[in-house]
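First to last, the protein sequences are chains A and B.
Mind the numbering: the first sequence is residues 1 to 339 in the working numbering, read in order.
Mind the numbering: the second sequence is residues 340 to 678 in the working numbering, read in order.
Among the hints, a few may not be true.
Said to hold, decoys possible - Restricting the straight-line Cα-Cα distance to at most 20 Å, the calculated cross-link-like pairs of lysine to any residue (SDA-like) are:
1. A:Lys128 x B:Ala571
2. B:Lys518 x A:Lys167
3. A:Lys167 x A:Ile185
4. B:Lys598 x A:Pro246
5. A:Lys266 x B:Leu601
6. A:Lys306 x A:Ser129
7. B:Lys598 x A:Pro260
8. B:Lys421 x B:Glu387
9. B:Lys379 x B:Ile364
10. A:Lys228 x B:Ile364
Source of the hints: derived by calculation from the structure; they are not laboratory data.
From a predicted model like this one, the values you see are computed outputs, not experimental measurements.
Number of protein chains: 2
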Amino acid sequence: MGGDYAPDEIVTGALRAKEELDVHILLVGDPDRIEESIGKHTQSHQLEIVPSEGVISMNEEPLVALRRKKNASISVAMNLVKENRADAVVSAGHSGAAMAAALLRLGRLPGIDRPAIGAMFPTLMADKSVLILDVGANVDCRPQFLEQFALMGTVYSQYVLGIDQPKVGLLNIGEESCKGNDLAIRTHQLLDENPLIPFIGNAEGRDVLSGQYDVIVCDGFAGNVLLKFAEAVGSVMLQIVREELPQGLHGQIGTAILKPNLRRIKQRLDHAEHGGALLLGVAGVCIISHGSAQAPTIFNAVRLGKEAVDNRVLDRLRGQYQKTVANLGTVSANQESEG
Amino acid sequence: MGGDYAPDEIVTGALRAKEELDVHILLVGDPDRIEESIGKHTQSHQLEIVPSEGVISMNEEPLVALRRKKNASISVAMNLVKENRADAVVSAGHSGAAMAAALLRLGRLPGIDRPAIGAMFPTLMADKSVLILDVGANVDCRPQFLEQFALMGTVYSQYVLGIDQPKVGLLNIGEESCKGNDLAIRTHQLLDENPLIPFIGNAEGRDVLSGQYDVIVCDGFAGNVLLKFAEAVGSVMLQIVREELPQGLHGQIGTAILKPNLRRIKQRLDHAEHGGALLLGVAGVCIISHGSAQAPTIFNAVRLGKEAVDNRVLDRLRGQYQKTVANLGTVSANQESEG
């Protein structure tokens with residue numbers, strides 16, 4: 001029920017996901033409105049409808065609203081995961097509410113102080129993306145939070161994105177370890193010293209899209225600014241190309257010939273391909289899609305969720321925590337034997 | 340002597356500025372190398388050469404290096420302004436060293452705790468730019484610093500860029516005043532309450548290039564990440580266009596026809612047009628150009644410096660401070676009469 005185009009576009013995307021991805025879909029919301037949306041496409045469907053009451057709207061304060069609307073769609077959806085009736089949640093609604101509901105209903109994974117929202121950015125290298133986290137869940141961070149983001153990003157990169165040896169970077173304003181604000185300098189040291197994090201150094205703004213990094217960690221303020229800027233800049237560029245390309249007679253002819261190529265450029269810059277961001281660190285798979293998500297984005301968001309489930313991301317993250325504990329044990333044992 | 344292409348490209352840009360802008364140019368550095376660079380263009384010139392000893396290199400710690408190399412080119416250049424032999428300094432060298440040298444030799448303007456580096460970004464609206472500050476001088480900021488950046492940005496926007504009623508925004512991750520990290524929330528309140536700042540609200544990452552804002556303030560960490568990301572993203576987009584456009588026979592023909600239009604797109608995205616960033620808040624006009632600056636950028640940097648001098652930016656900033664003091668006087672008088 002969340003997002004600008006609910007429930008119509010959500011239903012359209014879900015129907016396609018059901019058909020193409022071999023997944024079971026539970027649609028949470030107002031049964032009448034959902035049935036009506038489905039009716040526009042088909043009379044016989046195999047989607048399960050789970051009734052809920054109310055929606056958290058974009059300008060509500062998450063915790064207050066969740067407490068008042070106990071059966072809001074996002075809470076009911078999270079409960080489905082908690083009760084093992086669903087493996088993953090996809091939401092295009094209020095992202096803060098989705099995170100709060102996930103925390104309240106599912107809780108955090110062991111070893112994680114703060115869940116993070118991870119977003120995939122396209123890079124200069126074709127077919128290569130970079131995972132940036134956090135892009136908005138935690139605006140004021142401590143160095144340990146960023147260290148945990150790096151651990152989660154590494155696991156996700158390895159097991160869901162299939163990158164053998166992911167390269168992890170820290171968003172910063174210079175290459176050297178002494179550069180940056182207080183948070184960055186202290187985080188640099190933690191990442192450098194953690195043997196479970198394949199840390200290759202600071203990533204400056206100009207390096208984010210270079211393809212040199214698989215994972216880049218930052219606080220949710222810088223990450224959110226970057227995410228929204230990157231989304232907008234794609235449209236700005238396309239608009240400049242659209243304004244300048246058809247200028248003059250040559251321009252008009254050339255642009256007409258190039259239509260299919262221009263469409264491909266738009267695709268490569270288009271964010272709908274990514275489906276949504278991942279909420280990492282809660283005890284369930286949650287995909288936070290765009291408020292403006294339409295059917296193709298929802299389809300991709302379901303696929304993203306399925307990939308995370310198929311690749312047992314939660315188990316891997318729990319395993320990582322075991323390794324961290326074991327590693328801390330080794331370190332303190334070493335320290336004791338040294339002392 | 341600073342930057343990747345010194346002194347050759349600096350000299351070439353300076354010669355052009357001398358010719359086209361009706362300015363007197365003093366070149367600070369190694370006289371032999373500068374004469375050699377000039378000799379490649381002309382035998383008779385009217386540039387003044389001021390000898391200096393040594394350069395602060397990119398990986399040196401500014402304060403340490405400035406203390407050790409007392410006659411480094413950047414320090415000698417700042418002294419010229421201090422001694423009223425020059426009106427402005429342009430540097431393509433170590434930006435941290437330029438800032439430190441400006442602070443040591445020229446000092447701060449009254450009412451300014453921390454000088455800021457302001458950079459012009461192009462926007463969606465043709466011929467309209469937005470001034471972002473700080474883009475790197477202060478990585479850890481207090482709300483009052485951002486308030487001072489907003490005051491300086493307003494004055495600069497009014498008197499140098501000629502914008503009657505500049506609109507000032509605060510870089511943030513949501514529209515509402517309650518959104519953001521601790522710094523943003525506290526800064527929002529200060530900007531809102533200051534009658535000298537035409538504050539129109541938070542600017543999200545997606546709004547930065549919209550053209551709705553004339554000035555956007557942020558801490559130097561977020562600003563620097565954004566600046567370097569924006570610079571890189573232009574190249575990324577152009578590369579994608581260059582890769583995809585000539586695909587296939589149609590693509591090759593169309594691209595050939597469109598060559599002049601593509602060149603115009605590149606120009607619109609090109610940063611050389613901007614010349615450099617401004618160091619605002621020190622008692623002198625300082626233009627911090629890119630380390631990779633070549634002649635056209637240096638020419639534009641000199642033009643930027645001349646505009647700041649012609650429009651008496653320093654006097655205006657001092658005047659703003661008088662108004663602030665007067666305003667504070669009024670406020671406390673009001674408070675007293677209320678109390």
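Hint by hint, here is what the structure shows:
Simply put, lysine 128 of chain A and alanine 571 of chain B have alpha-carbon atoms about 17 Å apart, close enough for the 20 Å limit, and the pair holds. For the proposed pair lysine 518 of chain B and lysine 167 of chain A, the alpha carbon gap of about 32 Å is over 20 Å, so the pair is violated. For the proposed pair lysine 167 of chain A and isoleucine 185 of chain A, the alpha carbon gap of about 19 Å is at most 20 Å, so the pair holds. Restraint check: the Cα-Cα separation between lysine 598 of chain B and proline 246 of chain A comes to about 12 Å, which is no more than 20 Å; the hinted pair holds.
This hinted pair checks out: lysine 266 of chain A and leucine 601 of chain B have alpha carbons roughly 16 Å apart, not beyond 20 Å. Of the supplied pair hints, the one linking lysine 306 of chain A and serine 129 of chain A holds, its CA atoms being roughly 19 Å apart against a limit of 20 Å. With a C-alpha separation of about 18 Å, the suggested pairing of lysine 598 of chain B with proline 260 of chain A holds against the 20 Å cut-off. Proposed proximity of lysine 421 of chain B and glutamate 387 of chain B is supported: the alpha carbons are some 17 Å apart, at most 20 Å.
Only pairs whose Cα atoms come within 20 Å are accepted, and lysine 379 of chain B paired with isoleucine 364 of chain B is accepted, the gap being roughly 18 Å. Taking the CA atoms of lysine 228 of chain A and isoleucine 364 of chain B, the gap is near 42 Å; set against the 20 Å cutoff, the hint is violated.
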